[in-house]
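Using the sequences and the hints given, assemble the complete structure.
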Amino acid sequence: MSEAVMADAMVSPAVGGPYVEKAGGPVVDFSYVGIDAILEQMRRKAMKQGFELNIMVVGQSGLGKSTLMNTLFKSKVSRKSVLATGQEKIPKTIEIKSISHDIEEKGVRMKLTVIDTPGFGDQINNENCWQPIMKFINDQYEAYLQEEININRKKRIPDSRVHCCIYFIPPTGHCLRPLDVEFMRRLSKVVNIVPVIAKADTLTLEERDFFKKKIREELRANGIDVYPQKEFDEDAEDRMINEKIREMIPFAVVGSDQEYQVNGRRLLGRKTKWGTIEVENIAHCEFAYLRDLLIRSHMQNIKDITSSIHYEMYRVRRLNENNTVVARANGIPEHHLAAHEM
Amino acid sequence: MQLPLLTESSRCFVLQLAATTMASTEIARQAGEGARAVPLAGHVGFDSMPDQLVNKSVNHGFCFNILCVGETGLGKSTLMDTLFNTKFEGEPTQHNQPGVTLKSNTYELQESNVRLKLTVVNTVGFGDQINKEDSYKSIVEFIDAQFEAYLQEELKIKRTLHSYHDTRIHACLYFIAPTGHSLKSLDLVTMKKLDSKVNIIPIVAKSDAISKSELAKFKIKITSELVSNGVQIYQFPTDDESVAEINSTMNSHLPFAVVGSTEEVKIGNKMVKARQYPWGTVQVENENHCDFVKLREMLIRVNMEDLREQTHTRHYELYRRCKLEEMGFKDTDPDSKPFSLQETYEAKRNEFMGELQKKEEEMRQMFVQRVKEKEAELKEAEKELHEKFDRLKKLHQDEKKKLEDKKKSLDDELNMFKQKKTAAELLYNQAQQAGGSTTLKRDKERKNFF
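Respectively, the protein sequence lines represent chains E and V. Residue 7 in UniProt numbering sits at position 7 of the first sequence, and the numbers go up by one each step. Residue 420 in UniProt numbering sits at position 420 of the second sequence, and the numbers go up by one each step.
You can take every hint at face value.
Derived DMTMM-like pairs (lysine to aspartate or glutamate); straight-line CA-CA distance at most 25 Å:
no., chain 1, residue 1, chain 2, residue 2
1, E, 106, V, 240
2, V, 87, V, 264
3, V, 156, E, 147
4, E, 155, V, 239
5, V, 348, E, 142
6, V, 158, E, 147
7, V, 323, E, 147
8, E, 189, E, 312
9, V, 56, E, 233
10, E, 106, E, 280
11, V, 56, E, 148
12, V, 117, E, 304
13, V, 217, V, 195
14, V, 192, V, 225
15, E, 155, V, 166
16, V, 294, E, 36
17, E, 111, V, 309
18, V, 348, E, 148
19, V, 374, V, 384
20, V, 323, E, 312
21, E, 271, E, 257
22, V, 193, V, 325
A short list of chain E residues far from chain V (calculated; beta carbon distances all over 12 Å):
no., residue
23, 178
24, 203
25, 223
26, 243
27, 261
28, 281
29, 283
What the hints contain is simulated information worked out from the structure, not anything from laboratory work. Glycine is no exception: its CB is placed at the ideal position from the N, C-alpha and C atoms.
Set out below in structure tokens:
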């Protein structure tokens, strides 16, 4: 007979130097157990495994999506750079094309996948243009779910789920277009959306602020929750950091993959007759904020929200819908199906 | 059977999955597998990813579960106290347990900024019974129960995996009694049963009872016995260059010979953990005295994460595979659409419901049968009672008749006697009247009378 008694003894016994007070002088590190070595072990494991990131860029053609991707990752990662297509033809239908790259920095390896959506918003009739994109995102969730359900499953399930979708807003300076609102409303429920104002060098600072305020109002009015979502803030510290970010979105960005000489330094920028716009100068544009958010500080958080919230929602929906389909076929009334079963 | 229904639902599925769109789509996935390597022209910043990951884990906290298997009195609790530098709860257990039970306690430890939820599971009463054939069963059941709980959580529809308190056993410390000769058969049997379910790290307990030379021979004997019996103990991983060297040297020192102590003794000018004997002091953290430091290095400082990973990717996956196959699921081939898990499950559920209904019917019939039988019995009894009553009544009547007859005959006799008495008196009176001549008559009468 086995009987496991779980006595949750919330004893925090003193472990480690600073907490222990022993008579007879300061404690040497002989009382150090070494639990914090697990951080190092985790880091080692992560470096060995490498990371995966899947970013989708959505916007009308000509908004500088490919350039921005190249600027973000400081290399030719966009589709256009990979496939030297002489003609820049706008496709008649929305296509979804993804390209993967292996990049490495200071020993950290990452598999970056850039998913491009040429043809979005370019037709005369743009109704339901978000559907192929939603289908693609759901297909990735489906593939992951299928692998997870397998009996013999792989050690590391390949993660092709879209972690982040950057939506490019054309710099009209007025307000969001109906297409923008519709798209963001539907997709913010299945993926993390980061809206950016593209080609922001056509707006003055006042126009930019006005435009941003208008956009934020419209997003709020339509109930669109973009990344970082308010409802997923974990604690007060998170909320503080995220509030600051939320006050700044959408980021007004300028992309460039050409370097110019400015003040004796070689910087990425756009050279015009009236001056050179420095991409990484926060006085000029907010590219640096976007890069810091996406890559340097919130990348893990973005992936976590995708896997633990969006994917789980998809899974619940999918498993429930299978239940109802089969139940209806068998004549069992739906309220008999329990949410937790096995 | 249920098959036609299943194909019906899978057809519905296919229809649902086919999205109807105004703008038709073309999905081209290029270079998915073979991603090309691109050089970076500047500092992007994703080298902070490991830090982000570590920060998230620190916020979340870690959990680690150790199972201590060994006979009572081998110093399991003391070793845990020594390893984690604290005094865990519990008093030493008695030796008269009827069976093997497992007691687990969870503690929250913190060191610098790392919070660890440590669960120590102890086997109580292991090796104390006279018949030890079933000792390993409760341990195996416990380990399986933890896997089962995790599997259940993973299979739930609405699940919270990332805040789930993982109770699966990450490491099993097997305490070998320091006999100096070889492994006991109980040890071999138990380890053989556990090696495919948990990472086993064998240690020689109370090793200050063995001398150094005997210890070396003992270790060799143990390892050869384990190998010849096909017991797979946990090998420290040697694939990562930074730890490969130290791990491979440690692998050769298995099983570790440890001594545990929470008492401190002054050696030189330091207080060290030691056991003091009249003939000397055994220092726990002295590598020449015992392998405690090695155990701590390997278990906590170098391989804790690997132990957790092995538990999840090897032992848990094996359990999951066996359990799901046992329940009748199998993987569908990649080009068939429906959910193998859900549909097979539905079929099974219907089968199960059908069986339930059948059982219910059977039970109902049995019940009806029983009622009938009981009724028949009661009727029988009633009939018998009636018969008895009739019989008794008849008897009673017969008796009554007999008595009446007797009474009648007695009455007749009485009447006759009375008549004779009056007749005799009459004659006597007459004789008196007639005088003396009637004496003869009287005698005659008397003679006639008699």
